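A.B. asks: Okay, here's what each chain looks like letter by letter:
Number of protein chains: 2
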Amino acid sequence: MSLTVVGSVAFDALETPFGKRDKILGGAATHFGLSASFFTQVNAVGVVGGDFGDEEWAVFKRHNINTDDIQIVPDGKTFFWKGRYEYDMNVAHTLDTQLNVFETFAPKLSENSKSAKFLFLANILPALQKQVRQQVPDAEFVALDTMNLWLEIMKDDVIETIKMVDCIIINDAEARQLTEEPNLHKAAKKIMDYGLRAVVIKRGEYGATLFTKDGYFAVPAYPLESVFDPTGAGDTFAGGFMGYLAAHKEVTDATLRRAMVYGSVMASFNVEKFGTERVDALDYPEINERFKAFKTMTHFDDIPFERATTA
Amino acid sequence: MSLTVVGSVAFDALETPFGKRDKILGGAATHFGLSASFFTQVNAVGVVGGDFGDEEWAVFKRHNINTDDIQIVPDGKTFFWKGRYEYDMNVAHTLDTQLNVFETFAPKLSENSKSAKFLFLANILPALQKQVRQQVPDAEFVALDTMNLWLEIMKDDVIETIKMVDCIIINDAEARQLTEEPNLHKAAKKIMDYGLRAVVIKRGEYGATLFTKDGYFAVPAYPLESVFDPTGAGDTFAGGFMGYLAAHKEVTDATLRRAMVYGSVMASFNVEKFGTERVDALDYPEINERFKAFKTMTHFDDIPFERATTA
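Line by line, the protein sequences are chains L and G.
Note that the first sequence ends on residue 1101 in this note's numbering; no numbers are left out.
Note that the second sequence ends on residue 1101 in this note's numbering; no numbers are left out.
Please keep in mind that the hints were generated in silico from the structure rather than gathered at the bench.
Remember, predicted model here, so these are calculated numbers, not experimental data.
Treat each hint with caution, since some may be false.
Below are the EDC-like pairs computed for lysine to aspartate or glutamate, each with C-alpha atoms no more than 16 angstroms apart in a straight line [said to hold, decoys possible]: (1) L:K980 <-> L:D1004; (2) G:K1085 <-> L:D1091; (3) L:K976 <-> G:D878.
Generate coordinates for the entire structure from the input sequences, incorporating the hints supplied.
C.D. replies: See the structure below:
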C-alpha cells in the first residue's frame, strides 16, 4: 500500500571528524522517502526552491518516489541546514539554518497523496501536521515525529496532533520532554495514553524500543565501528519502519517488530556515508543480509534454567 | 562446577529518591555471590570486621555460599561505603568510603576455593587479582572487573592482569578509558586483542553487550518503571553470568548468550529493592519467568523482506 510523507526537502552542509560536504541533498522527507522506497511506493510532499537541480530530482526518480506534491518556488531557495559533529556523534551542532521557501510551506496533497493508507508526518510545525492529517482521513496508520523546539514553545499543539495519529516516532530526550517523566517506560505509557497504537523511541547508538498496548520490544543498534555522518538517521529509521509496515496487509505486533528491525537496518546504512549516498546505492541483498545480522546478534535459545539437571 | 569469587564484603549506607538505609549488607563479592548462588555452588573470598553480625552471615548461609575464606578481623571494622543517587540513577555520588579491614586485605584461598573451575575477580587492586589468579591455575574460565581509579593510576597493572584471564566484565566508560577509544566496538576489539575469549560491556539502562572472537550479542535491560537502588547491579549481573556458565559443562557461544540474559535477569531484580533484599528473596520460577520475558521482548520472526510477494 502506498505511503505519503510530508516534511522538509533540503540542502545540508556538514562537517564531521571524517570529512565535509558543502551542499548535499538532505531533509526529513528525503531521508524518509529514500529509505521507505525500498519497501513500498512513496509520495513525497514538500517544497523546494529554484536551486533544486537535476541531480537532486534524479535521486527521487531513481527510487520511484512520486514528487508531484513537491512544490517548486522558482525564485526561492531550498531549505538549508549547516551542522557539525564532533567525535560524539550523538550531538549535532547547528551552525546555520535558512528556512527559505520552507518558512511559508503550506502542504497541498494531490488525490494520489491523499489516498495513501500510510502517512508519515515528519518534523514540521504541529499545526501543519494536523492540517495534513485532516487531508488524509482514510489513512489506516499515521505516524509523526516532532522536535524539542515545538515541545518547548507549543507543547499543547504537539499533544493535540499526537491524539490524531496512531504512532509517534521520537527520540528518548523528546519522550522525556513531552511527558516530563525521566523514566522512559513511564514516559512511553503516558504517551500511549493519548490513544496511540504504538510508541517508538529512538535511542541512537543504543537502538530503539517499541511500546504497544500489550508489548515491549527492544532492538539494539547495529554495531558500527565508525559512524560517518548521523544526519537523517532518525528519518531513515522511520522510513524503513513505515515502508515495511505499508508493504504488509495488516499492522500486527509481528510486523511492527520486524518494521523496527528494518528501520534499524536502514538507519545503520545511512550513517555509513554522507547524506543520502549510502542508502541511494543500496540493494535488497544488502538490506536482508543486515536484517539477518540483527537476528544473529539478538538471538538466544529459550532454555529455562533447571538447577537439578545441570551442575 | 563450583565458582570462586574474590572481592569486597561491605556495609553500605544508601540514599535514593525513594528512601534510605543506614547500614545494610553490600560489597561486590556479596552481590555477586548471592546472584551466582542460584546457579551453582559459590565460594566467597573476602574480609570482614568484628562488626559483621549473625544477620549478615545468615544471608550467605541461606544461599549455601561457602564463607570459609572470608577472614574475620575481630578488632577491625568492615569496609563501609556511603552513597547517594539522584533521579538519574546512572550516577552514584560517593559520600564516604572507609576501607577499614579491606585496606590490608590479602586474599587467602583454601584448597576448596583453589579447586574451582570458575573464578571471578571482582574489583580489587589489580595486583591482588593477579595473585589470586595465580592461586587458581586450573580454572577453566576466569573473569575480572575493574574500576576507573585503577585505570587512571595503574593501567599497566590492569592490562597485565587482563592478559591472565578469559573474560572481562566492565561498563562502557571503563572500556573507553581502558582503550582510549570512544567507539565501543573498536574498544571491545582492542580489549579482545589482549587474548580474551569474551568481552562483556555493561551499559546500565541500555543493557549489555558481548563480544567474542566471531560474534556480537546485545541484550537490552529489563524495562523497569522504577529503579529503586542500583547499588550492586553490575556485580549481580556478573554473578548471574558466571553462575550460569559454571552450571554448564562447556562455555560455548550459546551458553555465553544465555548467561548474558541470566545476568540481566538477576541485575533487574537487584535494583527493585535496597541492597540484597530482592535477590535474597528470589525463587526459580521468578527467575525463569523474567528470562522468558527477555525472550519475548527481543524476539522477531526471521522473515526476509521480498518486495514482489508483498505490497
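A.B. asks: Taking the earlier hints as the rules, which of them does this structure contradict?
C.D. replies: none
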